[in-house]
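Listed here are the chains, written in short residue letters.
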Amino acid sequence: MNRLDDHFDEVTGLLYLEHQLDPEHTRAVSEHLASCAACSGLLRALESESLWLRESLTAEEESIPAPLIAAPGRGTVQWGWVAAFGLAVGGAYTLWSGIVEPWVARAQQAGFTQGYLLTMLFFSGASWKGWDAMRSLTEFLALATLGTVAIWFLRKHWQRFTTIAFVMGALVLGALALAPSAAAADIEHGNPSYTLPAGHEVKTDLIVAADRARIDGDVDGDLISFSSSLTVNGHVKGDILAFGAEIRVNGPVDGNVRVWGQSLTLDSAVAKNVMAWIGAAEFDEKSTVGGTLTMLSGATELNGKIAGDVLAYVGDLSIGGSLGHDVTVRGGRLTVGPNAEIVGQTKYTGDREPEVSPGAKLGSAIQYTVPKRGPDYTRANYYLHRVFFWGASFVFGLVLLLVAPGFFADTEQASKKIGPAMGFGVLFLFATPIAALIACITIVGLGIGISALFLYLIAIYSAQVFVGSWLGEQLLGSGVGIGAAVGRLALGLAIVRLLTMVPFAGPWIHFVVIVWGLGALVLALHKRMRPQVAAAA
Amino acid sequence: MDRHQTTGAMSEAELAQLLSQVRAGDPDAWGELYRRYAPAIFRFCRRVLPTREDSEDATTEVFMKVRQKLGTYDSSRPFTAWLYKVASNHCWDTLRRRRIRQDLETGDLDTLPLEHPDPSQIERLQAEHTGKEVRGGLAKLPDRARMALVLRYYADMSYDEIANTLGVRRAFVGVLLLRARHQLRDALSGTAAAGAQKASAGGKS
Chain H
1 MNRLDDHFDE VTGLLYLEHQ LDPEHTRAVS EHLASCAACS GLLRALESES LWLRESLTAE
61 EESIPAPLIA APGRGTVQWG WVAAFGLAVG GAYTLWSGIV EPWVARAQQA GFTQGYLLTM
121 LFFSGASWKG WDAMRSLTEF LALATLGTVA IWFLRKHWQR FTTIAFVMGA LVLGALALAP
181 SAAAADIEHG NPSYTLPAGH EVKTDLIVAA DRARIDGDVD GDLISFSSSL TVNGHVKGDI
241 LAFGAEIRVN GPVDGNVRVW GQSLTLDSAV AKNVMAWIGA AEFDEKSTVG GTLTMLSGAT
301 ELNGKIAGDV LAYVGDLSIG GSLGHDVTVR GGRLTVGPNA EIVGQTKYTG DREPEVSPGA
361 KLGSAIQYTV PKRGPDYTRA NYYLHRVFFW GASFVFGLVL LLVAPGFFAD TEQASKKIGP
421 AMGFGVLFLF ATPIAALIAC ITIVGLGIGI SALFLYLIAI YSAQVFVGSW LGEQLLGSGV
481 GIGAAVGRLA LGLAIVRLLT MVPFAGPWIH FVVIVWGLGA LVLALHKRMR PQVAAAA
Chain E
1 MDRHQTTGAM SEAELAQLLS QVRAGDPDAW GELYRRYAPA IFRFCRRVLP TREDSEDATT
61 EVFMKVRQKL GTYDSSRPFT AWLYKVASNH CWDTLRRRRI RQDLETGDLD TLPLEHPDPS
121 QIERLQAEHT GKEVRGGLAK LPDRARMALV LRYYADMSYD EIANTLGVRR AFVGVLLLRA
181 RHQLRDALSG TAAAGAQKAS AGGKS
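Here the protein sequences come in this chain order: H and E.
1 is the number of the first residue of the first sequence in this note's numbering; add one for each residue after it.
1 is the number of the first residue of the second sequence in this note's numbering; add one for each residue after it.
Everything labelled a hint here was simulated from the structure, so no lab data went into it.
One or more hints might be untrue.
[Stated by the list, open to error] Each computed SDA-like pair below joins lysine to any residue, with the alpha-carbon atoms no more than 25 Å apart:
#, chain 1, residue 1, chain 2, residue 2
1, E, K140, H, L402
2, E, K132, H, E55
3, H, K416, E, K132
4, E, K65, H, D211
5, E, K65, E, A81
6, H, K417, E, K132
7, E, K132, H, A66
8, H, K527, H, F504
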């Protein structure tokens with residue numbers, strides 16, 4: 001029994017009140033209380049405080065959420081998960097049957113197999129014939145995704161509608177406020193076509209959205225085009241940025257040319273660089289590029305003059321012009337014509353040997369490499385790289401764990417909800433890049449789109465960390481503390497890495513890990529984004 | 001011990017019958033059990049966890065565990081005691097997972113003020129604060145202190161059960177509870193002081 005200036009201390013008083021003292025101490029306290037008004041007063045206060053605490057804590061004042069009042073149904077899967085998963089499956093099926101399957105068939109007919117399938121899928125001319133269908137699909141997926149996600153996020157918070165309306169209104173106003181900065185350019189909407197007549201000059205950037213756009217005049221700034229067909233005959237003093245089915249540049253360009261579409265024909269001088277993601281490209285004899293050429297393409301003919309390096313990932317590349325620097329090509333076929341001249345080194349990786357005409361002038365012999373398919377399990381380097389990759393992901397996971405332990409734990413917990421996590425993982429894996437690309441196309445949303453894509457890549461990388469940690473918990477148990485968490489992470493990641501090395505099944509396991517971890521991340525983020533209300537309202 | 005109940009009147013025999021039906025896989029019986037006890041478990045989680053949404057999720061997860069572990073329940077003990085034990089373990093585990101570094105919170109268990117508090121000050125706090133304010137003050141406490149008060153004064157757990165759940169020695173439970181009371185008094189006094197200041201500022205303007 002503790003005494004303080006002949007009085008019992010507060011702990012002893014509390015233990016006495018709660019009948020936690022042994023009989024001897026209880027008797028001593030009782031005797032003291034009979035003669036001490038101060039200690040009696042303290043005990044009365046503590047006793048009434050106990051009662052007050054009990055009443056305050058057991059009060060049934062706050063509302064119980066509706067889902068908890070209702071008895072759980074036989075199927076407890078929430079509608080949001082079902083909708084999201086259904087939407088993702090529907091979108092994936094449409095994507096497969098409407099676009100991927102026809103491409104695969106075409107690729108096989110064209111003799112492309114395995115490694116070059118990706119090139120064909122994304123950059124062959126046929127792909128962009130389905131542009132309208134693609135646009136409809138992407139719009140549908142993006143809108144449906146945004147709608148589903150928005151409703152799902154807000155489903156428990158309709159009572160906060162005023163706040164939500166305020167936030168959404170602020171976003172819309174923000175977007176409108178941003179619009180004037182984008183409107184610093186001359187924006188033209190063709191109906192359906194737009195022509196800048198010869199002799200006219202636009203003194204600022206020109207943004208054109210039309211079925212067919214023809215630029216015969218000059219542009220003293222950048223030319224940005226979202227047109228099915230774009231023909232540039234005038235002089236562009238800035239860059240050309242174009243999205244469209246058919247792009248033809250006949251006039252001089254003082255800046256860069258960056259295009260994304262079905263076909264590109266260049267018949268003029270570009271002072272700086274050319275970057276093209278294109279089905280088919282043709283650089284005519286008169287064309288010149290002052291800088292480098294970077295391209296992803298189905299088929300390309302280079303008959304002009306390129307001053308800088310050429311970096312190409314092309315299904316079928318034919319070189320007939322003069323290339324002033326090094327050339328690095330990966331593709332299905334490389335043909336070097338009799339009039340071709342390559343000053344620097346040429347590196348080519350492909351299934352077929354390069355066809356070089358005897359008349360071609362090469363700075364050095366072409367370094368030809370046959371690409372290897374899949375990992376080489378016989379090389380020690382392969383395993384060394386796996387260990388490095390494991391180390392990198394472990395360090396990344398460790399940083400996440402130490403910087404945001406709460407969020408890490410939430411995501412690890414969310415990994416346990418395998419069904420919902422997989423559903424949302426599939427949805428966000430496919431829908432996020434689509435939504436981000438659409439945001440990029442709207443110009444105003446370019447920053448948001450690029451940021452979203454960047455975060456998306458980080459999220460995909462971090463997926464393995466959370467799944468690995470979950471796996472570690474299954475094996476090591478759910479010990480608490482930093483040591484246990486690090487141990488779980490290290491072991492789980494190692495197992496994930498090992499599983500992804502399994503021949504044939506490895507890539508699929510990797511895909512499942514990405515989907516699963518991404519979904520868990522989404523669930524944890526959703527939990528974090530919900531309004532934080534003070535406890536025990 | 002008078003465990004906090006939120007269910008309607010149900011005799012021990014009826015509860016035993018219900019539990020046996022649940023064990024046999026009767027979905028309606030499970031629904032009935034859930035309806036009866038989910039509100040109490042939600043309120044328990046609500047007092048321990050930081051947000052309403054966390055509490056909703058935790059309630060669902062607690063009942064998933066209850067379903068899995070019902071076979072281990074010893075029917076000679078009160079069902080609510082076992083239920084709160086499952087809930088408290090789950091919530092404590094959740095809180096600990098979110099806070100890897102707990103050293104600051106646990107290092108000064110035995111540091112309590114030596115002097116007696118003024119009984120009139122304790123009584124004044126009780127008079128000035130509503131139950132809702134007390135629960136609000138609870139949210140400002142460290143996890144362990146909040147958990148101790150809820151286990152004792154909401155779930156009516158014994159000192160042994162609290163010690164077992166929180167992983168402290170039984171002899172420390174009293175200290176822990178008293179310290180939590182001090183922290184709650186401080187939190188509420190701060191609220192009262194801020195309220196008085198605000199009222200005073202409002203009066204001047």
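For this session: Compare the structure with the hints numbered earlier in the document and write down the numbers of the violated ones, lowest to highest.
Result: The structure conflicts with hints 3, 4, 6, 8, although it agrees with all the remaining ones.
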